[in-house]
Amino acid sequence: MKSHFQFSKKQRSGIFLLLVLLLVAQSVYYFVDVSSETLGVDSQGVSSYQAEIDSLRRAKLETSKL
170 MKSHFQFSKK QRSGIFLLLV LLLVAQSVYY FVDVSSETLG VDSQGVSSYQ
220 AEIDSLRRAK LETSKL
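Take the sequence shown: its position 26, counting from 1, is numbered 195 in this note's numbering, and each next residue is one higher.
A few of these clues could be false.
The following label-pair restraints were derived from C-beta to C-beta distances [claimed, not checked]: (1) 173 to 210: 55 to 61 Å; (2) 211 to 186: 47 to 53 Å; (3) 209 to 235: 40 to 46 Å; (4) 209 to 188: 40 to 46 Å.
It should be emphasised that the hints constitute simulated quantities derived from the structure, not laboratory data.
Note that CB positions come from ideal geometry on N, CA and C, so glycine has one too.
Make a model of the complete structure from these sequences and hints.
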């Protein structure tokens, strides 16, 4: 009976290349520092935008009641 795990030389080299690429990708992910910088949030700007959104929602609600 023929085994399912017999590969040709091209298939073996392709599997080896795939494993190497996976190891390289994992190594890069582990060793490269990808820490993100914290961004400052302008709370006054956010509050003004939120107030504008709320007023637009109220205006839409008032027009839909008519």
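**OP:** Compare the structure with the hints numbered earlier in the document and write down the numbers of the violated ones, lowest to highest.
**Re:** Those not satisfied: there are none.
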